[in-house]
Every structure is written in C-alpha cells, then in structure tokens.
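Given chain A, work out where chain B should sit, using these hints.
Sequence order for the protein chains is A and B. Counting from 2, one number per residue, gives the positions in the first sequence under my numbering. Counting from 2, one number per residue, gives the positions in the second sequence under my numbering.
No wet-lab data here; the hints were simulated from the structure.
Since the list gives no way to pick one copy over another, a pair counts as held whenever it fits inside one copy or between any two copies.
In the SDA-like style, the derived pairs of lysine to any residue whose C-alpha atoms are separated by at most 25 Å in a straight line are:
1) Lys395 x Thr381
2) Lys276 x Thr24
3) Lys265 x Leu115
4) Lys354 x Val422
Number of protein chains: 2
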Amino acid sequence: MSNIAAVIITIGDELLIGQTIDTNSAWIARHLNELGIDVVRRVAVGDSKASIIKALDEEIAGATIVLITGGLGPTSDDITKPLLAEYFGGKLVVNERVLAHLKDIFTKRNRPFLERNMKQAEVPENCTVLFNRMGTAPGMMWEIPNFKSQTPNSKDENIKSAVREPFNYTFNETLTEHADKSDKESGSFGNAHDDTPKEKVIIAMPGVPFEMISIMQDEVLPRLREQFFSDALLHRTIVTAGEGESFIAEKIQALEEALPAHIKLAYLPDAGMVKLRLTGRSRDKELLASELEMRQGEMAALLGDIVVARDDYPMEKIIGDALLANGKMLGLAESCTGGFIGHLITQVNGSSKYFNGSIVSYSNEVKQNVLGVKPETIETYGAVSEQTVSEMAKGALRVLDSDYALAVSGVLGPDGGTERVPVGTVWMAVADKETVKTKEFRFHYNRQQNKEMAARMGMLMVFKFLSRK
Amino acid sequence: MSNIAAVIITIGDELLIGQTIDTNSAWIARHLNELGIDVVRRVAVGDSKASIIKALDEEIAGATIVLITGGLGPTSDDITKPLLAEYFGGKLVVNERVLAHLKDIFTKRNRPFLERNMKQAEVPENCTVLFNRMGTAPGMMWEIPNFKSQTPNSKDENIKSAVREPFNYTFNETLTEHADKSDKESGSFGNAHDDTPKEKVIIAMPGVPFEMISIMQDEVLPRLREQFFSDALLHRTIVTAGEGESFIAEKIQALEEALPAHIKLAYLPDAGMVKLRLTGRSRDKELLASELEMRQGEMAALLGDIVVARDDYPMEKIIGDALLANGKMLGLAESCTGGFIGHLITQVNGSSKYFNGSIVSYSNEVKQNVLGVKPETIETYGAVSEQTVSEMAKGALRVLDSDYALAVSGVLGPDGGTERVPVGTVWMAVADKETVKTKEFRFHYNRQQNKEMAARMGMLMVFKFLSRK
Numbered sequence: 002m003s004n005i006a007a008v009i010i011t012i013g014d015e016l017l018i019g020q021t022i023d024t025n026s027a028w029i030a031r032h033l034n035e036l037g038i039d040v041v042r043r044v045a046v047g048d049s050k051a052s053i054i055k056a057l058d059e060e061i062a063g064a065t066i067v068l069i070t071g072g073l074g075p076t077s078d079d080i081t082k083p084l085l086a087e088y089f090g091g092k093l094v095v096n097e098r099v100l101a102h103l104k105d106i107f108t109k110r111n112r113p114f115l116e117r118n119m120k121q122a123e124v125p126e127n128c129t130v131l132f133n134r135m136g137t138a139p140g141m142m143w144e145i146p147n148f149k150s151q152t153p154n155s156k157d158e159n160i161k162s163a164v165r166e167p168f169n170y171t172f173n174e175t176l177t178e179h180a181d182k183s184d185k186e187s188g189s190f191g192n193a194h195d196d197t198p199k200e201k202v203i204i205a206m207p208g209v210p211f212e213m214i215s216i217m218q219d220e221v222l223p224r225l226r227e228q229f230f231s232d233a234l235l236h237r238t239i240v241t242a243g244e245g246e247s248f249i250a251e252k253i254q255a256l257e258e259a260l261p262a263h264i265k266l267a268y269l270p271d272a273g274m275v276k277l278r279l280t281g282r283s284r285d286k287e288l289l290a291s292e293l294e295m296r297q298g299e300m301a302a303l304l305g306d307i308v309v310a311r312d313d314y315p316m317e318k319i320i321g322d323a324l325l326a327n328g329k330m331l332g333l334a335e336s337c338t339g340g341f342i343g344h345l346i347t348q349v350n351g352s353s354k355y356f357n358g359s360i361v362s363y364s365n366e367v368k369q370n371v372l373g374v375k376p377e378t379i380e381t382y383g384a385v386s387e388q389t390v391s392e393m394a395k396g397a398l399r400v401l402d403s404d405y406a407l408a409v410s411g412v413l414g415p416d417g418g419t420e421r422v423p424v425g426t427v428w429m430a431v432a433d434k435e436t437v438k439t440k441e442f443r444f445h446y447n448r449q450q451n452k453e454m455a456a457r458m459g460m461l462m463v464f465k466f467l468s469r470k
Numbered sequence: 002m003s004n005i006a007a008v009i010i011t012i013g014d015e016l017l018i019g020q021t022i023d024t025n026s027a028w029i030a031r032h033l034n035e036l037g038i039d040v041v042r043r044v045a046v047g048d049s050k051a052s053i054i055k056a057l058d059e060e061i062a063g064a065t066i067v068l069i070t071g072g073l074g075p076t077s078d079d080i081t082k083p084l085l086a087e088y089f090g091g092k093l094v095v096n097e098r099v100l101a102h103l104k105d106i107f108t109k110r111n112r113p114f115l116e117r118n119m120k121q122a123e124v125p126e127n128c129t130v131l132f133n134r135m136g137t138a139p140g141m142m143w144e145i146p147n148f149k150s151q152t153p154n155s156k157d158e159n160i161k162s163a164v165r166e167p168f169n170y171t172f173n174e175t176l177t178e179h180a181d182k183s184d185k186e187s188g189s190f191g192n193a194h195d196d197t198p199k200e201k202v203i204i205a206m207p208g209v210p211f212e213m214i215s216i217m218q219d220e221v222l223p224r225l226r227e228q229f230f231s232d233a234l235l236h237r238t239i240v241t242a243g244e245g246e247s248f249i250a251e252k253i254q255a256l257e258e259a260l261p262a263h264i265k266l267a268y269l270p271d272a273g274m275v276k277l278r279l280t281g282r283s284r285d286k287e288l289l290a291s292e293l294e295m296r297q298g299e300m301a302a303l304l305g306d307i308v309v310a311r312d313d314y315p316m317e318k319i320i321g322d323a324l325l326a327n328g329k330m331l332g333l334a335e336s337c338t339g340g341f342i343g344h345l346i347t348q349v350n351g352s353s354k355y356f357n358g359s360i361v362s363y364s365n366e367v368k369q370n371v372l373g374v375k376p377e378t379i380e381t382y383g384a385v386s387e388q389t390v391s392e393m394a395k396g397a398l399r400v401l402d403s404d405y406a407l408a409v410s411g412v413l414g415p416d417g418g419t420e421r422v423p424v425g426t427v428w429m430a431v432a433d434k435e436t437v438k439t440k441e442f443r444f445h446y447n448r449q450q451n452k453e454m455a456a457r458m459g460m461l462m463v464f465k466f467l468s469r470k
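So that you can see chain A by itself, here it is in the shape it has in the complex (with noise of 0.2 Å):
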C-alpha cells in the first residue's frame, strides 16, 4: 500500500451554496488513479482567505501532491492567485507568453484587452506556469524538494509561524506532516510515515472543467508520472442487475472472505442495479491483473445470470455492444423520458452503427402523427397504458426502420397524477418484429430521479430481450 497520496482541494462559495456540481475531483481521481496515485481526501472550501489557509496547511501535511482547483478567474471574487503566491513567499509577475495567448483570446473574439485583463497574465514569480490552451487563466506549479517529516507535536508552531510568515519558497523544516496523529492513521496515507526527504507537489488549476482537464492532460499527468514511481493500482469490475446488495452478498460470501489483503472488493450499488469492483495494489501489474481478473471470474460465475456486463461500463454502452454484436439496429419511441435514453444511448462513441434515433412524442399528437399511435387507443386507455406503449414500439419499428423498439409512457411527477395513473406510473414496451414485451413500473422518486430509473430500467429491459434472443 505504498502508493503515493494525493488531495484535492475545490474552492469556490459557489461548491457550497450547492450551485454547481462538482464534477472536477471525480476526474482528476480517475485520471490519478490510473498512474497509481490514490485520492486520500477531497476539501471544498469557499472563497475565504482564512478558509484556503487553514485548508492548504492542513492538506499540505498530509500529502504528497496537493491539487487546487477553482478561484483563478479574472474578477474580484478570485481571491487565490494573490493568495498563492504570498503563501509560497513569490511576487506576482507578468507572464510573457500567457499574455501573448490572453491577448490573441481576445483579439480573436472580437474583445477589447481590458486593463484588468492584464492581471489574468500574471503568475508567482517561483511557480511553473501550466499552459491554459482553453481558456484565459493558466495554472501553477509549485514544487518543494526533499520535504522532511518533522517530530511529533512541532506542528502547531510550525503551522502557525507558516501562516504569519508567508513559507519561504525552499521551505524545508517548515511543515510536517500529521506526525502528531499517528496513532490514527493507517494505509490509507500512503507514505505519512516515512522519513525520507520527500517532494511535495502543489498545483493549482482553474475550475471551469474543460480548462482543468487540458491542464490536467496536456500539463499535470504527464510531469507525475515521470516524477513519481509507485505501485500499480488496478480495477475489474462486474455489473449486476435485478437483485440486491445483501443477496450478493450472501452468494459471494466464501469468496470475498478468502481475498488476499492486497485485493479489496467494494459493492456500489445503483438505480437497479450493483456493481462490484476488485481494487488491487501491487508492484507486479501483469500479475496483479491476472489474479484480479481470476477473482472477478469466480465472482461471475458464482453470480450467475444477474451478471450483466465485467466491465465498468454503463447501461447504453452494454446495450450497444450487443447490438453491435449482433448487427442490429435500435429505435426509441420516448414520451416521458423526453429525449433522456436517446441522450444517453449517443453518449457511446460509435453508436450510429447501432441507433437510428428516437421519436420524442411528448404530445399525444406526435404519438398519433408521427408513431401511429391510434387515437381510439389513447382514448380508450390513455396516454399512459400497455396498448399505447405497444402501438408506440411498433411505430418506431416502422418509422425509424429498426430491429428493435424501446417506447415508454409515464407520469413522472410532481403534477399529472390521476388515480388510476399515479405519478411516478411508467409503461415500456420492447418490440422486435415477431414480438411486443410490456412492463408496468412504479417509481416513487422526484421528477428528475423517476426519469433516471424509467431510463435505467428501459435499457435493462432491452438488454434482457436482446440476451433472450
């Protein structure tokens, strides 16, 4: 478990008001995992210079590499490039060549180059500047040379002469690490126990995802891997369907208490849904992926037919590959999924060769004109029924020229409830030409969420009428 520990701190009184998802830290985990770099802790902090302090001393001493994203925009509420620059003891000066990008950004959008813009070109004197080829605010680097666990209990001095002084760029014997919390810390801090100089890496990126990504891809990943060696960090997954967690359990039991200590097996259950992921550590990587992919082997075997896919994939990329596998093509005919599975099916690169399109017949009309939904049908039954699903999958069989057919009608809440269609009441249909399979669901969720299950479930309706074939 010697592998290097990172932590990512996001800034921004927009991650704590709840007004934006952050999508960032899972990226950048993926992407660190994969050189075998492991995520020990994420902080989301606002746009306080006493909370990014407090958050960089403390993260700082309980990492190897420290990553910063958010808070490098150009107007007033950016408060960390300034902030940066004191606490690693650099002046901000006037980048050359992120001026001469800003100013081609803006010549090029037809902008004048603000006075304030010019801020946006400055960086801390001592930092490497990490190119933005997508937007305006580059990112740093700072990196700190045999870095050197200090005694126990030197900490709070250190910590605090650190924040009244801003560091000096060298600062070597000005931190520690959480020496002081030892008893308390285990594998999950890598290299916290060590006492070997160690370098430190801090980057700091901005928030906008697209512009952290490139740095991440074009700057940071590859000035890691170079300058880390660690373990290899695999992953296999299965993707289970149609049972639960506890009957997972119990049917693996025997096999998850043999893993050996550098094998972990974590259940991450979902909207209908389990997977089961293996995590392993080991110098060896070939034979680490082997053993893993024994295991997982077992584990598919033991589980039977609920075993949908052994790669972490999602739904519509299990999907498409049996289509793909089978040289079939799939039709939508979506009404209260609006357009959702169709989003989702084209999120797979590749899928025209296996999906045609979808009508979204949110209108009885639309399922009427375009579907041939007959109106005596909705009439007599509704909107909302298994003969409307039924009609509505084999127009799309017809309209979109396809093998198969997936149409779904619901109520999804929170208004358009009756009695005797509920909110939350979906019909699906699957249809090839020789047969029309139905389903009644009933999700008891919010609007947002019943759209996801009814789409979730679709899918796996389909999976399964494929599979049958």
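Leaving out everything else, chain B in the frame of chain A:
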C-alpha cells in the same frame, strides 16, 4: 455574518477513485442555505477507519452541524455505523421500528430476510433514529448539548484522548473549537469565537441520493429549522449570455464597489453564459430581500440586453417561460445531440404546455423519411451543413406541428471528422413559418462537452430568436 456553520463529510472509496460524482453535497448545501445555515467546508474521505475518525475530529471541532453521508449499506465495505457507535460511546442495538420496516421491504420485494440483514436494523443506542422510508439504512442523529469552547492549545490533548477513549455521550468539555487557530479564522466560521455553551448536531445518512433526500426532507430539515435560530441568507441572480466575465466586471465595477459589507457578488461562468449572484445576510429578511432586488435591478439595467433572466434558472426554463408567455409550441430535430435538448427541456415540470417533441434523426434515413430532408441535399452538402439543418428545422415544424423548431446536426467526435467538416463542427437552424436562421459552431472539447455546448448554444439561439419576435 452570524449564520450557523455546517460541514459535510462524505464517506466512500468510490468518491475518491472517481467512480461516483457527489451530487448529495450540492443538494444538502442548497437546502441548508434556505434555512440560513452555511456550509463552510466539505470533506470527502475513503472507507477507512483512520480517515473517518480524523475527519470527525477535525470537522466537529470547526462547525455546529456536521452532516455525514455514505458508508451505511449492509455489506462489508461499510464500516461507518459501528465506527460512529463507538465514536459517540454507544453500543449497537436492534431498533424495532427499523426492523419492522426492513421486514416489510423484504416481504414486498419477495426476498428472504437473511441473518446479515438483521445488522441493518441495528443503530447506536444513544442516537435519534432518522427514519428512511426510501431504503433500508436509517439515518442517525446525535445532539450534544451545552458544548463549550475550551481555552486555546488544549485542543490536541482533547482530541487525542477523545480518539483513544470513545467520547462519553454528553462529552461536555472533551472537545474544543479550533481556538488555537483564531488568528486565521474569520466570518466564514460563524460561531467559532463565542464562549457561550453550544449545541452540536451530528447527522449520518446513507449515500444513495434519493434516500438521503428523503431523510433530509422528512427528518433533518424540520428539526434543524426548529433547533437553530439564524440570520436570513438570501440570493438573487442575474443570468447573462454572450459576454465574458471581464466585460461584465467592467460594466458593473462602480456598483460592485459600492456594495455594503453584508452583500457579496459572485461571478459564475458557464458555457456561453455568466451568472451573477448577489448573496446577502441580515436579521431582517424582508428588508434584505428588497435591498437585494434593488441591487439586482441596478445591475440588470447596467448590463442591458445581455441579461437573459433575473432568476437562477437554466436556459431550458428560461425558454419555457418565454414560449409559455407567448402561447407558442416548440419542436426539435436533433441529430448529434441525440435527444439531449429534448431531455433538458422536459426536465422542467409543465413543459408539455410548450414542447411537442423531438425527432432524434441520428441516421440519414430518419432525416429523410421522417423529417423530409431531400436525399440530394445530404448528398450534395452533407448531413452536417446549413442546407440540411434548414430542411430539418422546416421538417420538424411540419411533422411536429410546432410554431418554432430548432434543428441541430454536427460531428461531436472523437471520430467522424473530415477535412471539410472537422470534429466539433455543429450546424444549427431555428425556424418559424416565415424565417429560418442558421449558424455554424465549432467546439473544441470532448464528445460529452461538445454535446453540452451544442445543447446550450442551441437553446440560446431559440431564446434570441423568440426575443426578437
């Protein structure tokens, strides 16, 4: 700035390896905010005992309310419940109401109630059980009355002893605020420097989003509302489109500098849009609301026609309101967005009043057979061309019997680009019975981001088309 300070701790390896995106924290933050409770920090840690204890030690010290999500499932990777029981000095005992609820769930799902499920009915004897009507794992709440700040520097000893010997339930005097860091803390830790005894509340909930939401709504929010008195915290937002942060900052500089101390302005840039958020705090909620609305009005006046909304609404809601106000219906013809725009529009409750549907014409056959695009148009100009999207838009107007139509066709990547039509090229057309307006876009992100940009820019085109009418 005397709001109650809350901290969110999320537990789960899946959050640290990037397998799951944390949407819970944003939901919690938004709903606490409405009560006037500020989330001042968020911390995510893995499923390791040491990491969880470290987070509890640090975060309980720095906040009045600590909300913990995750780590409460029935399987062996969930260690949180026994850990919390031990941490707060209580034993696990079977709760009869939870047991009855569990057995009921298993009966309804036609599953055997296994020995390991018995554990799910166990809760620490000294907590308040928060009923989970949506799932099996109950929430838990500990109220620690008369919590009193200690003198500076006593912290380390207290925390150490608290860790070695589990807290006594009432544990007055055993914990302390981060008073030894008082030189660094500011208004963001609302109540940190008050010496009067304080109640602390620690709440643990499962990580499954709809279970967490139901426990928050049924059990947590009503209790917190009753328990804590607090300043009102209000937000007012302006949504702009078409200009960057710097341009906006220049326009409203004088207004921004004149803001009183209790009102803050934040810039929230997003694809093609910038949201401006005013946040104010005051004891007098009504006065604050009128103050904020005055500033919001002044800001909107300065920004003129780049303002697209005065509420923090997404573009799909803004379009919906505009269509509804004019009694008009919208239809879509989506190729590369695959149904995503329809999905976004139907996220809004009541969208059937202005949205007919979408023809997701992923294949050229569907463009021709359903939308009536001429084969020679596609042959001559290609599926991604001004001519094709114009015909798609006109087709959607007719087939979906709509007043307005938006058509989108592009190459999102990573494959499928040509020299003439490189990856990232998207053509769009907006039409009504008289006019067709077309526009070409070039996006430079990955497949998913290009799709999202296309959807946003398409909706913005619809909004501008509507506004000029």
